[in-house]
Structure formats: C-alpha cells, structure tokens
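Asks: Between the sequences and the hints, there should be enough to build the whole structure, so can you do that?
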Amino acid sequence: MDSRVSELFGGCCRPTGAAFRGRGGAAPGGGGGSKAKKKNGRSRGGKANNPPYLPPEAEDGNIEYKLKLVNPSQYRFEHLVTQMKWRLQEGRGEAVYQIGVEDNGLLVGLSEEEMRASLKTLRRMAEKVGADITVLREREVDYDSDVPRKITEVLVRKVPDNQQFLDLRVAVLGNVDSGKSTLLGVLTQGELDNGRGRARLNLFRHLHEIQSGRTSSISFEILGFNSKGEVVNYSDSRTAEEICESSSKMITFIDLAGHHKYLKTTIFGLTSYCPDFAMLVVSANTGIAGTTREHLGLAMALKVPFFIVISKVDLCSKATVERTVKQLERILKQPGCNKLPLLVTSDDDAVTAAQQFAQSPNITPIFTLSSVSGENLDLVKVFLNILPPLTNSKEQEELMQQLTEFQVDEIYTVPEVGTVVGGTLSSGICREGENLVVGPTDDGKFLRLKVCSIQRNRSACRVLRAGQAATLALGPFDRSLLRKGMVMVSPEMNPTICSVFEAEIVLLFHATTFRKGFQVTVHVGNVRQTAVVEKIHGKDKLRTGEKAVVCFRFIKHPEYLKIGAKLLFREGVTKGIGHVTDLQAITTKENGLEESLGPGQLSF
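Quick note: the sequence shown uses my numbering, first residue -2, plus one each step.
Treat the hints loosely; a few may be bogus.
When the alpha-carbon atoms are kept at most 20 angstroms apart in a straight line, the in silico EDC-like pairs for lysine to aspartate or glutamate are as follows [stated by the list, open to error]: (1) Lys563 with Glu124; (2) Lys544 with Glu499; (3) Lys65 with Asp100; (4) Lys65 with Asp158.
With beta-carbon atoms standing in for the labels, derived distance ranges [stated by the list, open to error]: (5) Ala582 with Gln71: 53 to 63 angstroms; (6) Thr518 with Lys538: 17 to 27 angstroms; (7) His554 with Lys391: 35 to 45 angstroms; (8) Asp57 with Glu110: 27 to 37 angstroms; (9) Arg540 with Val126: 50 to 60 angstroms; (10) Gly542 with Glu413: 48 to 58 angstroms; (11) Arg428 with Ser108: 49 to 59 angstroms; (12) Gly127 with Glu188: 27 to 37 angstroms; (13) Glu227 with Gly430: 34 to 44 angstroms; (14) Glu319 with Val460: 44 to 54 angstroms; (15) Val67 with Asp375: 31 to 41 angstroms; (16) Asp440 with Thr518: 40 to 50 angstroms; (17) Ser314 with Gly542: 37 to 47 angstroms.
These are computed hints drawn from the structure, not numbers from a lab.
Glycine included, every Cβ here is placed at the ideal spot set by N, Cα and C.
Replies: Written as structure tokens, this is what we have:
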C-alpha cells in the first residue's frame, strides 16, 4: 500500500466501486440489521429464515456476548466477575457487553423482564469490580417471535488501579481555515462559536496566531468523560486539574497547523507525539483543498487511523455538503487509500462507528457538523466516549517491562521550577526522583540528570508509564545542553547513536531523479534533521514510485535511532517514506559517558 500513498500527495481522484452502505448491509464487526434501521429508526432483524448475526465472540479483546444473566448462582456470579475483570484488562479499563447475543453472534434478544434482570446482574458485577455501566443502545429483533425481544449494548468502564484516567491522543489535521481550532474550542470550552472565531482564541499560543487566526505551533487541549460517559470540559469554570480529577477517560487533542509553510511542524506533531488517532477536518464549503490531501497522505503513510469531520455545514446548502461527502468517499475508496467510508448520522451510527473503527483499519467514519449551530456535535462526543485504545493490556505490559526511554519534544524554563521537558515515554516506567541520562549532545555524548517532578495534563503525577505523555521537571539542569530530538534513557541501556544509517524507502514524489548527494529533511519519531544521501543500493537514481535501500548521513550531529522506526523525508515537493533497516552505531563507550559530565551537570 505504501507505494500507492503517493497518489494522495499528487494523484488524481478516481471513483472505485460501490459505496460502503451498498456492500450487503452492516460492515464486518457492526450491529446486525443496519439495513432495516433505515426504515423505522430501529435495528430490526429479518424473519426466522434470515436470522441476524454479529461476528462470533473473540477470546481476546474487550467485547463480551451474553445471552442472559438472570439470577446466577454464587459460583456462576464469581465466574462472571472474573470474566469482567479480564475483559476490562483487555480493553485497558473499558469493556462492551452485548446482552441477548449468543457466543456465535446470533442475535436472540430477551423479553423486557429478562433484560431488566440481566442488567441488574451486570450492575452487581460492575459494583463488585468497582466499575460503572452505561447503556449505549437497545435494538429490537423479532425474527422468531411476535413478542418484541431486545438486545442491549452496555459500556463498562473502570480506571485501572495503576492509572489516574484512560488516555487517548488525537491529532487534528486539515487545511488552513477548515475550522480545526474552532471545533476544538467548542468541544473543550463547552460553548458554541459566534461565527467569527471566538471559540478558538483560548487555543492560540502566540500573538500573531490571534491576529491572523491561523495556528502555527502545536497546542494541546483536553476533553474528559466521566464514568457515566458525560462530558467534562472547561465549562462551569473548571480548571485543568478539576477536569483530570473528574474524568475517567481523557481525550488529548493535538492541534496541528494547516498552512503549508508550517508543514514541518505538522509532520513533527504526527511523528513525535505518537497520536492514537487522527481527526481530519474538511470545510464543507471548500471541500478537499490546499493541504487536505497532503495531511491525509501523511496519516496513511504513518499508519495513524483517522476519521473525518466535515465542518461549517451551517454555511452551505444540503447539496453542497453531500457533494463534499461524495468527493471524500471517492478519494477514500481509490487504490491508494482502500478505505470504507461510514457516514455517521445518528447516535446508533456513532456507537457502531467507534467499535468498527477500532477493530478494522479500513473503516473511516465521516461526521458532518457545525461549530456555530452545534449540529451533530453530540455524535462526535458519543464517538470519542466509546472509542477504545488501540493497544491491549498485554502490549502495554511488555512495553512497561523494558528499560526507560523518554522522547524530548519540548523544552521550557519555568520560574521557581527550572528546566522542564515535555514528551512521550516510549517504554518502561519513569518515577519521580529517578536518575537518567539525556543525549546525544552535538558531540555525541550523554549527560546525567535527575527527574525532580512529573506532570500529566497539568496535574502532578508520581509515576509515568509507557505510552503516556508528560512534562518532567529537571531542576537546575542547564537548558542550553538540551534540544528537541534528544532522548532520556536509563543508564543501564548503554544507548547507541549514529550519524550514518540505512533505510528502505519509497519515493512518493520527486520532480526529476533522486540521486547521491541530494539533501532532505528526515523525520524519525522526534528526530528532525537534514541528511544527505550517501548511496542508493543497486541503483544510480530513483524516480517517483520506486523503492530502494538508501544510505543517509546526518549533516549536523548524531541522533538516537532504532531499527524498524518509521521514516519520512521531504525537501520542497520531494517526499518519501520508509523504515530504518541498519545503523552504523557509535556506542556511548566510544563517546565516554563519564567524560561528558561537567560542573553543574550532575543532579543526583
């Protein structure tokens, strides 16, 4: 697929086949009977000769099917509680129960009385494990009976004992003036926009951003949900600390720049901050314009699952909105994307979209909304509330067992605190008071330091776990010794660095031929530096769409890289993607860790 991503950077739109809803009803993994829902607003199955099915229940994952939970014995109840703990662990604090469904996925349904008793049992189970339940939706099936029988979908949420809240990071992409910052302002502030950009003012970090109305830097905004699925934001004069304390699930939005001249900042946000998902905002009145296609291509190249929000529908006629939707569907279904668009028009669609989006990388939900009138804003909130994390508990545990590695993305000086770095913990666990080494410096050395305190989402935190973003206070450590792209690692790691590395790349676009000596800006995680092409293995030159193993050399200073890391490079209109395959490593022993320590650089 990587070789076809180039179409998104400069190719044409080509319609390819039928629309998503025309492919035989519900999508894989979705609720059964979605075709019938169109007729009467309820999901109803067929008759006995065509019973509706869900996919069979999976052993792993956070979705559990239960036919009924009526008056279980004490032994059975304890078994059910253990099962709930397992599903919550798999979903890292969230589980979805389908009541009235057999293990093979057959939608049987329960009578009113049986459903009431089953929900009562489920509530008891949740209380036993310290969780809360929220009914997501109810559906009727009547394929085998004249008596209405219901299926109920329930969300069970419990913040893991070792976490303050569940956390998802969503990068916000889209062309300039598409309404990204305004939408975030409305979601996080709880007040609709006045049509002239009032909602976005609190998000801007610089005076020139307020004056121009254009984001040029990366900013972070938080939206919380409590255990019952209710929105917790800055309305009612809440502070960030109060939002964190009241929320059991937190969505951190990474607001990126839309203008083409800030593209390197946008790429840095996507590669460095490791977002779980991306939200591509498209203006209904302009459609796919400017950097929209390029941002879509970046999300595809970096394999970040994305959903689409069509904003400003209050400015357009219904026909204009439909034309924009069809334009997006054509691009999503072309070979370079190969996605199945799912237009969300109801709460039921939003629940289905959230579950399918996490299960299948090919599903792309599309929302149409207005930040001024508030039309369909609630559907996005329902979607974000239910959206589960991509990694399961096992993968999280494996990362936490590794040695500490923290990526430095931002550097600040805070009065009375000292030097502060912001970034993401890639692996391991970082504790307050821990001793680490940071580097590489310009001469390839690592310096010792001490983590004085930790903050997550502006709230104090004693322990940081793999995958979490935070700011670390380093006390009197000299800020001039730090730069973006460094890593803070455990001293036992004996980190390796390199100036020369090889990568298997696909040249997405280049006007002429890509040769030895060509200079490009390379993005690998939080590393961003100019590199020169030293050698193209097996070829003299590359043209658009061709693959090769290329040897690069950083022109300024060595960097900390890992084999297998995703790589993206650019220079003007030239763009390419790939992954690191080999490093010509310089070990810290060669550089002398101890020699790098000067007066005032020890913080033990």
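Asks: Let me make sure I understand: some of the numbered hints might not hold for this structure. Which ones are they, in numerical order?
Replies: Per hint list: 1, 4, 16 violated.
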